[in-house]
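Participant: With the hints as a guide, bring the two chains together.
Protein chains in written order, with this note's numbering: chain S, 1 to 233; chain D, 1001 to 1303.
Just so you know, the hints here were simulated from the structure itself, not pulled from any lab data.
Take the hints with a grain of salt, since some may be wrong.
[Stated by the list, open to error] 20 Å max Cα-Cα, derived DMTMM-like pairs, lysine to aspartate or glutamate:
1. Lys1087(D) with Glu151(S)
2. Lys1087(D) with Asp102(S)
3. Lys79(S) with Asp102(S)
4. Lys1040(D) with Asp1019(D)
5. Lys1087(D) with Asp1154(D)
6. Lys1031(D) with Asp1002(D)
[As the list claims (entries may be wrong)] Short derived list, chain S residues pointing at chain D, Cβ under 7 Å:
7. Ala84
8. Val104
9. Ile111
10. Gly112
11. Pro121
12. Ile122
13. Val124
14. Thr126
15. Leu128
16. Arg131
17. Phe160
Everything numeric in this text was worked out from a predicted model, so none of it was measured.
Cβ atoms here follow ideal geometry from the backbone N, Cα and C, with glycine treated the same way.
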Amino acid sequence: MTLTAKQSYTYADLSRLMGLMTGDEKHGPAATSTMDALWVLYDRVLRVTPERMGDPRRDRFLLSKGHGPMAYYAVLTAKGFLPAEWLPGFGSYDSPLGHHPDRVLVPGAEIGSGSLGHGLPIAVGTALGLRAQGLDEPRVWVLIGDAELDEGSNHEAIAFAGPAGLERLHTVVIDNSSASHARPGGIAARFEAAGWSAATVDGRDHEALYAAFTAPHPGRPRVVVAQVEPKDA
Amino acid sequence: MDTMRDRFAPVVSQLLDEDPRVAVVLAEIGKDGFAEAQRKHPDRVINVGIREQLLIGTGAGLALTGLRPVVHTFASFLVERPFEQVKLDLGHQDAGAVLVSAAASFDWPAGGFTHMAPGDVALLDTLDGWTVHVPGHPDEADTLLRHAVAAGDDKVYVRLSMQSNAQGLAVDGAHFLTVREGRAGVVAAVGPMLDAVLAATEGLDVTVLYATTVRPFDTASLRRASETAGADVVLVEPYLAGTSTAAAGDALADVPHRVLGLGVGRRELRRYGDIDEHVAAHGLDAGSLRKRIDGFLGERVQA
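Chain D on its own, in the form it takes in the complex (with noise of 0.2 Å):
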């Protein structure tokens, strides 16, 4: 199978060939996927060099003249290291982008924590208005890239990762899906945490919820589980832990409620090794999931 990266210059490049307001900005990162796209449309392929501010003041300068900017490097390079640039010459300046992010939290373990971006999204949570896109399969990045990119001049992050659940789901860019109902708790897995949470919660009663977009966040869809499946939440994100309790919270604000958040802790490990050794090491394999939604629903949630 192919990754959700392998999507992203395909998709872009149609897109530039379709929409003359599209422009990519990447830093060296992922420019041989453009090459072509550069070939034919050379004052909207620009590849500043290994220059991340300036990656973000670029796009920013690109929008503010009319253009759709499409920003690309991996996580740690496009929202840690030129955060003010993106709260600034996008947010302050009133103007949109679509940042498209690769490596998500721990993509190359072997590559160490330079290039680990466990809390990129709770970063971005510090900022208004950012629309954040967490595919989990290849296809479902296909269509929320292209959601992004059309979502007129918002603020899009679009976080493509090497892990990935089996199937993609039709997935419309802005709702949580139900993929199973219960009456004894709410589990929602983020993007690639799928496959995990459904292995995790099998023959429990519990609804599961699929999140692609997570900001803003589904709080209509939480609260309707929460109707059948009462007020008590796990949220199993593939980023920092916690990123999205206080949504959570907010969404059942006058209800009572409890709140789970599960996913990438914040101590660095300091390990190398695999993708699946991390996923372990963080308690997101599904065995280790089962183990902490049940000590968290009781007794109540075996169907």
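Excised from the complex, chain S in its bound form (with noise of 0.2 Å):
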């Protein structure tokens, strides 16, 4: 018998995999808070696999938060992208994983992030680029935080996105409660003024936020917030 038999790993794993990288069961709210959206986007909704990193159909995801990518190097494990024998090394000189993510050094990783503000900017000009070449397949997906959002950069992205119409762009919102100026009305309502479909969900719910990352929004791009524990809970 060979050892290359793909080990399956599931949901239940991910804290297993995250105590590889932290030398530790229990994980701090900056690298769990991402956790459960990240594995519904990765288990149920993308369109990517490591064998498809190559095709230009395969769906986008950016991690534009790229703080406390723990989570993220997780299920890109459990998904296949990395293996388990990458993340005791995590931060370290002669590993590909670094506190934040590069992605020319991680399998999987659309997009090198750590400063805050540049993956919704990114993520619209590759809606454009995959709409310019007739590729309607693909949907791009951005994560980013809620103390992120206070980045201009994003308003600059939000505010384009919904008047352009970018249907295949959808954001996802961690509200964990972190951004020192709460924004009046709430974040979706940020979104919902500038032309976005939105939702507000529970950030820990798999349920849904699968209901809310796979609900139709025609003509529109998509956020969805996932409200999960404040940060300094």
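Facilitator: Next up, the structure:
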């Protein structure tokens, strides 16, 4: 018997995979806030696999919130993009896995991120580029944090994408109440005012996330605000 | 005579017709020139509005899907305002684009310092892997724009200016040209500075090089020139003085050499007026250049 049989991971394995990076079974809020949304996306929504990374028709997932990427690396490992053997080296000189991801080093990562406010504008360009090439199937997803939303570059992208009718564009905002100045009227209202389709759901509820991620939104970009426990709680 | 900027939309519109990879990203500035191209290629001529961070991010996203984005606005808003996007969305993502600027160092002096960008090339110089074209004539701008778009997925900056030499030369998008040969020094003129440099060095025994592609810096041409003209080098650049002195120094690191960097001064003049007045204020008119070159090279330069 060979050892090539692919290990099959489930959601229950993510905590252990993250433990390989942190040496700890308990993980900080920054690390786990994105975990459920990422899992639902990669497990049930995104049409992307390690084998399809060179396929122009694959869905694109852009992790803009590059801080605390352990859940991202764990999900990429569970879905076969990364070998689990890489995880213990997290952040070390010889590891491709940094405390902020680098697309050049991390298989499956569409962008490098860490500096806040870059992912959504790049996602706008990605959606435009796919459209210009007649690639009508791929959907573009970008994940940002509620405090990251403070960056003006995101507001440039939000204000453009709505009127431009970028229906292939999807944003997930992980809201763990970390913005110092809460947005009057709530996060979804900011997007709705710019012409986006919006939903706000419990960011730990997989069925609610899935329903929000897959709801039709013809002619408009879509935002899903995934609320999780406050960062400082 | 038309201007370099007048060539931009026609040349790139033609490239849009010829190459389905080419896309244009604008932030209001220059959109009128692309009105017809936008009708023909609505998905590949994109105006994001007055949003310069989105301008660069959008170009990067287009590049990541395999397109060749040409991104344009005034230099201040293309390189300086969204500098971190240039650094990360293109450089760190390993994505390419052609950035084409207008307004240069002081193309609209009456507009004041907000629309001046003498530091653009020096700023790009902090990043790795950029090709920088500084045409000195509309015909050269035409040629270099085509080189830039054709350069695979490279990161290329094309700096268009209202300042121009009277005649265009046959530039190749890589090398310095030798315009005059002498034995007592090398004067390298960048882009629109050539005419003033030729007037300033009239009768001097110097080699005059003409540079329209300044990054990568043509080390071989400078070294070759110094073999007969000596390693006293004057650089005359239409942007921040000294931008290329380190590159020239590196080119001549193994031989004794002296380098004088002339260009736009760092101090903000807080003056309006016209281009010629600013050229003079920065000591870049032929008469001022002559004095500074004479002062640097000394008496032996007199032919």
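Participant: Now look at each hint and say whether the structure bears it out.
Facilitator: Hints and how they fare:
1. Lys1087(D) with Glu151(S): Cα-Cα ~17 Å, so holds.
2. Lys1087(D) with Asp102(S): holds, 14 Å
3. Lys79(S) with Asp102(S): holds, 18 Å
4. Lys1040(D) with Asp1019(D): holds, 13 Å
5. Lys1087(D) with Asp1154(D): holds, 14 Å
6. Lys1031(D) with Asp1002(D): holds, 18 Å
7. Ala84: At 26 Å from the nearest chain D Cβ, Ala84(S) fails the 7 Å test, so the hint is violated.
8. Val104: At 5 Å from the nearest chain D Cβ, Val104(S) passes the 7 Å test, so the hint holds.
9. Ile111: holds, 6 Å
10. Gly112: Holds: closest Cβ of chain D sits about 5 Å from Gly112(S), inside 7 Å.
11. Pro121: Constraint on Pro121(S) satisfied, holds at 3 Å.
12. Ile122: Ile122(S) check passes; min Cβ-Cβ to chain D is 4 Å, inside 7 Å.
13. Val124: Val124(S) check passes; min Cβ-Cβ to chain D is 5 Å, inside 7 Å.
14. Thr126: At 4 Å from the nearest chain D Cβ, Thr126(S) passes the 7 Å test, so the hint holds.
15. Leu128: holds, 6 Å
16. Arg131: holds, 6 Å
17. Phe160: Cβ of Phe160(S) sits 5 Å from chain D, so the hint holds.
Hint check: a violation occurs at hint 7 only; the rest are consistent with the structure.
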